[in-house]
Every structure is written in C-alpha cells, then in structure tokens.
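Student: What follows is each chain in one-letter form.
Protein chains: 2
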Amino acid sequence: MKRVMLTVAYDGTNYHGWQLQDGQVTIESELNSALSRITGEDIKVSGASRTDAGVHAKGNLCVFDSEARMPGEKFSYALNTCLNEDIRVVDSVEVADDFHPRFTKTEKTYCYRIYNSKFANPLYRLYSHHSYIPLNIDLMNKGAEFLIGEHDFKSFSSVHASVKTTVRQITGAEIKRSGELIEINIKGYGFLYNMVRIISGSLMEVGSGKYPPERIGEILAARDRAAAGPTAPAKGLTLENIRIL
Amino acid sequence: MKRVMLTVAYDGTNYHGWQLQDGQVTIESELNSALSRITGEDIKVSGASRTDAGVHAKGNLCVFDSEARMPGEKFSYALNTCLNEDIRVVDSVEVADDFHPRFTKTEKTYCYRIYNSKFANPLYRLYSHHSYIPLNIDLMNKGAEFLIGEHDFKSFSSVHASVKTTVRQITGAEIKRSGELIEINIKGYGFLYNMVRIISGSLMEVGSGKYPPERIGEILAARDRAAAGPTAPAKGLTLENIRIL
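Chains as they are written, first to last, in my numbering: chain Z, 1 to 245; chain P, 246 to 490.
Next comes chain Z alone, as it looks inside the complex (with noise of 0.2 Å):
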C-alpha cells in the first residue's frame, strides 16, 4: 500500500466545488472516478481544501492510499489522460502513510481577482469579479495591513461555520494592480468558511470610498459577520497554492 499526494488544478466553472455531493459533479467525484478507472480499486481521495462551487484552484491538494505498482509520479501523466481539460493533476508524489495536508501545517495562498473597468472583460470573465466601480487599490492596501498577524476572524466568516476557534494567522495580504486587472493575493496559516471572499468584499467597500480603510480594524473588533461587507462572488477567487511547511 502506497499514499500519494496528487496538486491540483481545475477551473471551477462547471463543478459543484471540491467536495463529493448526491448527483453533483466535483472536482471529488472526478478524481475518485478517474482513479478507480486506472487503478480498479475504489478509491476516495481526501483534499486539503473544500473550495466552493464557481471557485478556481491552481494548487490544491489531496491524498489517497493505492495498492498500485504505479510509482506516484506517473500518476498524473495517468489521471490527466482521463480527466476533462477544466482539471489536470500538475504533481504526483508518494508521500508517508500517515500524511494528510489537511493536518499538517500549511500556508495558503489566495487570489481573488477583480476586473475594474466600465465594462467586463470576456477574457477574465470567467476568472474575475467585474466592478464597473473605480477601486483605489491604495486605500485597499491600507485596509489590508489590519488584518496581517493574529485576530479573531469571526467578523469574517460565514454564520453557518461551526468551529472551535475562529482566531487565524494571515501572514499577507496585498493588493496589486495591472491595467483594470485587480488582485487582492492573500495568504495565511488557515482560513474560515468563506473568509477570502467576506475579505474581499469588504476591501471592495474601502477601494470605492464606502469603508475608510480603518474600519477593517472596526469589523475585525466586532467580532459579527453583519459589520463587515458582502461576500465577493466565487468566481474571482483562486486557491493559488498550499505550501507545506
């Protein structure tokens, strides 16, 4: 019995998201499928991050265990010939019996992408958010330094989450800009349920003039969902990689 570590990327768009769901195509249920047809085993991988429907990966991760003679790294050469162009498994690699991404300790990185211009663009229109709205990336760069370090993130997440702490640790949060291509590129030791998106939300909120950017300071300290902005929509957010540490 061998475990393997498979990195993946997949486009969002047409998936019910990552996790295996009755009648639903995920990312999951594509993966298992693919692998018990090259392996014959019924397998069930398990993934580091439960990405929601619409959102984009470039780097997720997930494991399974196989009595396969195939060495780790050609199985993505193996999956990728059965799987649909919107996912292809970029690495493969054998990892120890007993490792998970998902209990060890990881940092991520997220993307959420905005395309600030008059109209929407065609070419980003599945990878990005369109605000027709003038966003100030440098008032959004200002609300972003309060959430760098250790907080309570409870303002931040959705109100359906039930877990045992809401603090977390984001190592970064920076905004850049390249013509009406906008970036909010965040990372971080863990994230909450819908954390990236209620982030963005909000920094939208500063880089319109709605918020000044000290009132991410305020939303943090409110420790209540209603404090901070709308949750931005799934389909400008990318997962861009886990890192192991």
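I should point out that these hints are in silico values taken from the structure, not numbers from a laboratory. It cannot be assumed that every hint is accurate.
[Claimed, not checked] Below 27 Å or equal to it, Euclidean Cα-Cα: the simulated BS3-like pairs (lysine-lysine) are:
1) K319/P to K118/Z
2) K58/Z to K421/P
3) K58/Z to K480/P
4) K387/P to K455/P
5) K363/P to K421/P
6) K187/Z to K164/Z
7) K363/P to K58/Z
8) K421/P to K303/P
9) K363/P to K187/Z
10) K363/P to K44/Z
11) K142/Z to K235/Z
12) K480/P to K118/Z
13) K421/P to K432/P
14) K74/Z to K363/P
15) K455/P to K480/P
16) K247/P to K118/Z
17) K235/Z to K176/Z
18) K2/Z to K363/P
[What the hints assert, rightly or not] Computed footprint of chain P on chain Z, listed as stretches where at least three residues anywhere in the stretch have a Cβ under 8 Å from a Cβ of chain P:
19) 6–14
20) 74–88
21) 115–123
Cβ atoms here follow ideal geometry from the backbone N, Cα and C, with glycine treated the same way.
Starting from the structure of chain Z, add chain P where the hints point.
Tutor: What follows is chain P alone, placed relative to chain Z:
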C-alpha cells in the same frame, strides 16, 4: 444618418471567427442581430480585422451606419444587454461618415500566449497554447529582432492568401515570460493571413532550440511558406488593440 465605431472584445472559443458565414455563429452575425434588434434597422457591421475561428480579441474595431436617434456612446450599453457574455462592446463612438478603420492607417498589436509547463493549466486552457517543451525566451527575442522593420513576409503567410504585396512593416516584436506564461507581443501596420500564428510557430522552434535565432532571417529571405515553422494554434492568439494613426 450617423456612422458609429465599436470597439469589440470577445472570447473566440465558441465562434466561427469574425466573418459572416452561412449557418455559422460568428462575431459579426451576433453584432448584426443585436444591432438590428436595438434599432429596428437591417444593420451590417464592417470590421477592421477578420479574426479566425478560435482567435480572441480585446479590441477589434468595426463601423456601421444607422438612422437611430441613440447617441453613439450609448450603443455600447444597449448592445451589452443583448449580447452573450463572451462578447462585449467596450466602447462606441460616432465617427465621420466616410471613416473606416480598415482603410485608415492603423497599428495592430497581437499577443500570442503559450503556457510552458509539463501539464496544461485549466485556467489558461482557453486563451493559450500549451507547450511542454521548455522554451528559451532569450533565443526567441534574438530571433524576433529579424522581424522588425519592413520586409517581404511571404514565408510567414498562408499559401492561399491572395494579396497585392506581401511586404509589411513590423514595429515591435518582444517575448516576455511571467512564470509559466510566455507572451509573444507583435505590432505592425498590417498583417498577412495567419502571419502572427506562423511567426509564433517559428519562434517556438527557436525557443526549443530546433532553429537557431538566425533562421528567422533566413526564413524571411526564402519567401516560401515551406521555410517557416508550423502555424501555431488559434486559441493562443489575441488581437489586443488597433490604434488609429
């Protein structure tokens, strides 16, 4: 009667190119039917550049004549409510009655995108060509220098093209890399049929080491399509903009 010029961006994936073709859905057919719906007139746009099936644009241009009272700048808003999301009219403006962007001196900028990695990236799959062969952009830039200036580009044009002269002037040719994404940026006053895709296919042969950079100069001198590299796939090409001089 007024003449209106549209700046049109589109994802070419789902269209049979720009030009009207019986029974095919094209960018031109979509614009014509949207304009006819809005104005009640039988309107046919006339474009600056007939992009091929699968080629994308951020700023193609076209003009049309209308008796409608709507001011020129309002057409973009009206059209975007009728068009599919993969076509956006990003600008509309009234021009002189005899103005036509195809019969005016313009500088066109194209970008050919290559995703250069072992496996394709789902998020770039529609807008780039995947090459798993490592490409050296320093060599590609050396090869591209031979293209700058006025030359007979007969070798870089599809054999069935019938034009008076195959002499064209290239004003810029530069290759950049950002991570796995390579961009071949080419601008000039006019292009032959498939010219940018044959140049890109030839520069990829330089990048892989199959051709030395000097071969680009030899291909030009040969004035023979057979001397050049393959025509790179359509989906990697984007008409970035057309600048009216």
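Student: Hint by hint, say whether it matches the structure.
Tutor: Tested hints:
1. K319/P to K118/Z: Holds: K319/P and K118/Z sit about 13 Å apart, inside 27 Å.
2. K58/Z to K421/P: holds, 21 Å
3. K58/Z to K480/P: With Cα atoms ~20 Å apart, K58/Z and K480/P stay inside 27 Å; holds.
4. K387/P to K455/P: holds, 14 Å
5. K363/P to K421/P: Holds - the C-alpha atoms of K421/P and K363/P are around 19 Å apart, at most 27 Å.
6. K187/Z to K164/Z: holds, 21 Å
7. K363/P to K58/Z: holds, 14 Å
8. K421/P to K303/P: Holds, because 19 Å separates the two Cα atoms, which is no more than 27 Å.
9. K363/P to K187/Z: holds, 26 Å
10. K363/P to K44/Z: holds, 26 Å
11. K142/Z to K235/Z: It holds: about 25 Å lies between the C-alpha atoms, which stays within 27 Å.
12. K480/P to K118/Z: holds, 26 Å
13. K421/P to K432/P: OK: K421/P and K432/P at ~14 Å, within 27 Å.
14. K74/Z to K363/P: holds, 13 Å
15. K455/P to K480/P: holds, 23 Å
16. K247/P to K118/Z: holds, 24 Å
17. K235/Z to K176/Z: holds, 18 Å
18. K2/Z to K363/P: holds, 24 Å
19. 6–14: Satisfied; 3 residues make the cut.
20. 74–88: Held - the stretch 74–88 of chain Z has 6 residues with a Cβ nearer than 8 Å to chain P, which meets the minimum of three.
21. 115–123: As far as the stretch 115–123 of chain Z goes, the hint holds, because 7 residues have Cβ atoms under 8 Å from chain P.
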